[in-house]
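Residues per chain, in single letters:
There are 2 protein chains.
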Amino acid sequence: MTSTRCAACKHLRRRCPPDCIFSPYFPSDNPQRFAYVHRIYGASNIAKILQDLPVHIRGEAADSLYYEAHCRMKDPIHGCVGIITLLHQQIYNAQTQLSKIQAEIAVLSAKAQTESHYQHQVEHVPNVDENF
Amino acid sequence: MTSTRCAACKHLRRRCPPDCIFSPYFPSDNPQRFAYVHRIYGASNIAKILQDLPVHIRGEAADSLYYEAHCRMKDPIHGCVGIITLLHQQIYNAQTQLSKIQAEIAVLSAKAQTESHYQHQVEHVPNVDENF
Numbered sequence: 001m002t003s004t005r006c007a008a009c010k011h012l013r014r015r016c017p018p019d020c021i022f023s024p025y026f027p028s029d030n031p032q033r034f035a036y037v038h039r040i041y042g043a044s045n046i047a048k049i050l051q052d053l054p055v056h057i058r059g060e061a062a063d064s065l066y067y068e069a070h071c072r073m074k075d076p077i078h079g080c081v082g083i084i085t086l087l088h089q090q091i092y093n094a095q096t097q098l099s100k101i102q103a104e105i106a107v108l109s110a111k112a113q114t115e116s117h118y119q120h121q122v123e124h125v126p127n128v129d130e131n132f
Numbered sequence: 001m002t003s004t005r006c007a008a009c010k011h012l013r014r015r016c017p018p019d020c021i022f023s024p025y026f027p028s029d030n031p032q033r034f035a036y037v038h039r040i041y042g043a044s045n046i047a048k049i050l051q052d053l054p055v056h057i058r059g060e061a062a063d064s065l066y067y068e069a070h071c072r073m074k075d076p077i078h079g080c081v082g083i084i085t086l087l088h089q090q091i092y093n094a095q096t097q098l099s100k101i102q103a104e105i106a107v108l109s110a111k112a113q114t115e116s117h118y119q120h121q122v123e124h125v126p127n128v129d130e131n132f
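Top to bottom, those sequences are chains A and B. First residue of the first sequence: 1, per the working numbering; consecutive thereafter. First residue of the second sequence: 1, per the working numbering; consecutive thereafter.
Bear in mind the hints are in silico, worked out from the structure with no lab data behind them. Be aware that a few hints might be false.
No distinction is drawn between identical chains; accordingly, a pair holds when it is met within one copy or between any pair of copies.
Under the rule of at most 25 Å between Cα atoms (straight-line distance), these lysine-lysine pairs were calculated in the DSS-like manner [to be verified]:
(1) 111 to 100
(2) 100 to 48
(3) 48 to 10
(4) 10 to 74
(5) 100 to 74
(6) 111 to 48
Keep in mind that this is a model prediction, so the values were computed, not measured.
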């Protein structure tokens, strides 16, 4: 007999009711997804978070809870705050690079303008041949 | 009589033991810090995460748990994954801006080089006065 319980009810060793709060977001073919969030938040906290949300956005909430739980399993000290720190660093680096390149472009722009002005002057010098 | 219980033990209405796992990271003058992590993770899950870590990094872990709990309270659907998405978008925008500006600098560079070459040629044209 194939079990029709969701991953959460299987994990919690309980009957999966027809109105199971976990069932739509924790399918039986991905037991690790529930194992992770269960380990970090506990079943009652996940149920509470999901129940407090309208049905159509519970899937998105379950996804982000899984993502955060997964991060916390990989990095128990920083969780996904470690990723946020890393991304802030990347933004800082990109902004530094951008500032440098903007300064470089200002120098080149000024140089191009000066040379274009010089060229313009040269083009408008009276033709010496015409005077002889 | 002033209470010497930490914020966690006060919240949980229990005696604060001398070796309290929460006490160093959840001081009594910041009750909201524990209230947030308690609401999202539950006391036993926070205790478990802290206990599994060496003492010297538990403070950092408590900080990141508080940060994530705070994010989840503000945005129950995405938690701090919402911030990660936002930062990824910022990095994408910075990279796009960087690519555009790099293309612009390549054009200006080529222009500056061409004009410098032109100027060099003009400077080496024999002086017509010398021929007369």
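Now the hints, each set against the structure:
no., hint, verdict
1, 111 to 100, "both (17 Å within a copy, 20 Å between copies)"
2, 100 to 48, "neither (49 Å within a copy, 47 Å between copies)"
3, 48 to 10, "both (19 Å within a copy, 23 Å between copies)"
4, 10 to 74, "within (24 Å within a copy, 31 Å between copies)"
5, 100 to 74, "neither (36 Å within a copy, 37 Å between copies)"
6, 111 to 48, "neither (64 Å within a copy, 64 Å between copies)"
Checked against the numbered hints above, the structure violates hints 2, 5 and 6; every other hint is satisfied.
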